[in-house]
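Place chain U on chain F using the hints.
Chains F and U supply the protein sequences, listed in that same order. Numbering follows our numbering, in which position 197 of the first sequence is assigned residue number 200; successive positions increment by one, without gaps. Numbering follows our numbering, in which position 38 of the second sequence is assigned residue number 41; successive positions increment by one, without gaps.
There are no misleading hints in this set.
Computed from the model, here is a short list of chain F residues facing chain U with C-beta under 10 Å:
#: 1; residue: Pro63
#: 2; residue: Asp173
#: 3; residue: Tyr185
Label pairs and their in silico Cβ distance ranges:
#: 4; chain 1: U; residue 1: Glu246; chain 2: F; residue 2: Ala145; range: 38 to 44 Å
#: 5; chain 1: F; residue 1: Asp75; chain 2: U; residue 2: Lys16; range: 21 to 27 Å
#: 6; chain 1: U; residue 1: Met202; chain 2: F; residue 2: Asp209; range: 50 to 56 Å
#: 7; chain 1: F; residue 1: Asp82; chain 2: U; residue 2: Ala76; range: 33 to 39 Å
#: 8; chain 1: U; residue 1: Thr203; chain 2: F; residue 2: Ser62; range: 16 to 22 Å
#: 9; chain 1: F; residue 1: Asp75; chain 2: U; residue 2: Met202; range: 22 to 28 Å
#: 10; chain 1: U; residue 1: Glu94; chain 2: F; residue 2: Gly146; range: 48 to 54 Å
#: 11; chain 1: U; residue 1: Thr203; chain 2: F; residue 2: Gly146; range: 35 to 41 Å
Hints are computed from structural coordinates only; laboratory data are not their basis. For glycine and all other residues, C-beta sits at the position ideal for the given N, C-alpha and C.
Protein chains: 2
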Amino acid sequence: MKTLIVYAHPEPKSLNGSLKDLAVSTLESAGHEVRVSDLYAMNWKAVVDAADYGPDASSPLQVARDSGRAFDAGRLTPDVLAEQEKLLWAETVIFQFPLWWYSMPAILKGWVDRVFTFHFAYGVGEHSDTKYGERFGEGTLAGRKALLSVTAGGPESHYTARGINGPIDDLLFPIHHGILYYPGIEVLPPFVLYGTDRMTDEDYLDVAKVWEQRLLTLESTEPIPFRRQNFGDYEIPSLHLKEGLEPAGRTGFGLHLRG
Amino acid sequence: MKTLIVYAHPEPKSLNGSLKDLAVSTLESAGHEVRVSDLYAMNWKAVVDAADYGPDASSPLQVARDSGRAFDAGRLTPDVLAEQEKLLWAETVIFQFPLWWYSMPAILKGWVDRVFTFHFAYGVGEHSDTKYGERFGEGTLAGRKALLSVTAGGPESHYTARGINGPIDDLLFPIHHGILYYPGIEVLPPFVLYGTDRMTDEDYLDVAKVWEQRLLTLESTEPIPFRRQNFGDYEIPSLHLKEGLEPAGRTGFGLHLRG
Numbered sequence: 004m005k006t007l008i009v010y011a012h013p014e015p016k017s018l019n020g021s022l023k024d025l026a027v028s029t030l031e032s033a034g035h036e037v038r039v040s041d042l043y044a045m046n047w048k049a050v051v052d053a054a055d056y057g058p059d060a061s062s063p064l065q066v067a068r069d070s071g072r073a074f075d076a077g078r079l080t081p082d083v084l085a086e087q088e089k090l091l092w093a094e095t096v097i098f099q100f101p102l103w104w105y106s107m108p109a110i111l112k113g114w115v116d117r118v119f120t121f122h123f124a125y126g127v128g129e130h131s132d133t134k135y136g137e138r139f140g141e142g143t144l145a146g147r148k149a150l151l152s153v154t155a156g157g158p159e160s161h162y163t164a165r166g167i168n169g170p171i172d173d174l175l176f177p178i179h180h181g182i183l184y185y186p187g188i189e190v191l192p193p194f195v196l197y198g199t200d201r202m203t204d205e206d207y208l209d210v211a212k213v214w215e216q217r218l219l220t221l222e223s224t225e226p227i228p229f230r231r232q233n234f235g236d237y238e239i240p241s242l243h244l245k246e247g248l249e250p251a252g253r254t255g256f257g258l259h260l261r262g
Numbered sequence: 004m005k006t007l008i009v010y011a012h013p014e015p016k017s018l019n020g021s022l023k024d025l026a027v028s029t030l031e032s033a034g035h036e037v038r039v040s041d042l043y044a045m046n047w048k049a050v051v052d053a054a055d056y057g058p059d060a061s062s063p064l065q066v067a068r069d070s071g072r073a074f075d076a077g078r079l080t081p082d083v084l085a086e087q088e089k090l091l092w093a094e095t096v097i098f099q100f101p102l103w104w105y106s107m108p109a110i111l112k113g114w115v116d117r118v119f120t121f122h123f124a125y126g127v128g129e130h131s132d133t134k135y136g137e138r139f140g141e142g143t144l145a146g147r148k149a150l151l152s153v154t155a156g157g158p159e160s161h162y163t164a165r166g167i168n169g170p171i172d173d174l175l176f177p178i179h180h181g182i183l184y185y186p187g188i189e190v191l192p193p194f195v196l197y198g199t200d201r202m203t204d205e206d207y208l209d210v211a212k213v214w215e216q217r218l219l220t221l222e223s224t225e226p227i228p229f230r231r232q233n234f235g236d237y238e239i240p241s242l243h244l245k246e247g248l249e250p251a252g253r254t255g256f257g258l259h260l261r262g
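Just chain F, same shape as in the assembly:
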């Protein structure tokens, strides 16, 4: 299994750094190929700007169109091209990051903003009155799987169905569905550690065992059953879920899960 780990934490000796190191050693020991994008170590440029598109940047800048033109011409910057190549190489992508303000750190959001260009991750396939692209179940990255490995400072109860932060599955939906499933990646249930503000060295030993177990069973883990866009579940062109497909009482983001 070819695995790319995208890792976003400024401190190598952090919990996130340890989980990343453990993922590398566990997967390599099991015979898998692993590559790591350590965004802080790479000094990853987090911000989209005209410099990303060189001679393909128009004036005024048009982010979508210009990024697609640079992509088509093979003229994106070397750092972005390298990440796109890694994504195409990978069978599995693990994202290791702390939940900062209920989302990813800026450096990782900037990886998405810059690497997921037009014609690579979006604007793929026919866009017309009868089809709105190949996405949500199809796309450039179809056939791949991804897993978020996330640390949260607060306790688990705050992230449950009635918890004050909202349910973790809903908090992660914009990443799971909106970023990963959009260009075709199947998404595995996340590995979330809670209460990390108070984690002890002893706690870590237990956590490490659970994480190893998740890593060694990735290939047999069922993905989150998101509905595919272009296979009958949605009206065209509104892309509304057809009436009656959901279990009684299901609302919100949960509508977009099968069964």
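Okay, now just chain U, sitting in the frame of chain F:
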């Protein structure tokens, strides 16, 4: 009304740039004071790292603790201190940005990550077995209001209750509730423009009128009725919403709205 506009788009001649300019001129013409944080023009540093905390950075780096220590000592970097000062000055904060991958551009997430430090935006008030801080309705920024002004490329139908992207209110909940309401800011219903990929100059004239109207009625607009953490709606210490408080059938993020 003292208004801070935090603006995140790389192109001054973009739709987002025009909406920001219109907000400045409309509010100033109505006699309000306006300050703008133009993150791209400021070359805003998007990435949290040890350099943010100078002599208060420990080794290994601990982002929360070190940022709180630097905050307490008045030794955060001048760029961060200036933004905190603007937030304390402001009565209303408008965020103007394009929805990129269902969230804010990295440069704006980096503004949150770096400006919303420990002891300023979180880790405020008593944290014990009987109280988990002053947040969600209380906090350093209580008494202020915020408004997201957001542009989305796709059509509105994709962002409705049954739309494939999920409802816009749920997509914005991690920002509205998790970032803004957390340190005490009341959040006004967002101003969202859809289908901006296909917007014409004529469309913009209509849009501009609606935006002006929103801006001139900010002071009389009711905020989103999020539930306050410490006033009886939640169990302590689980911070679960107490049973029976929600209207029948209400689930997900919607639980955390009153009535």
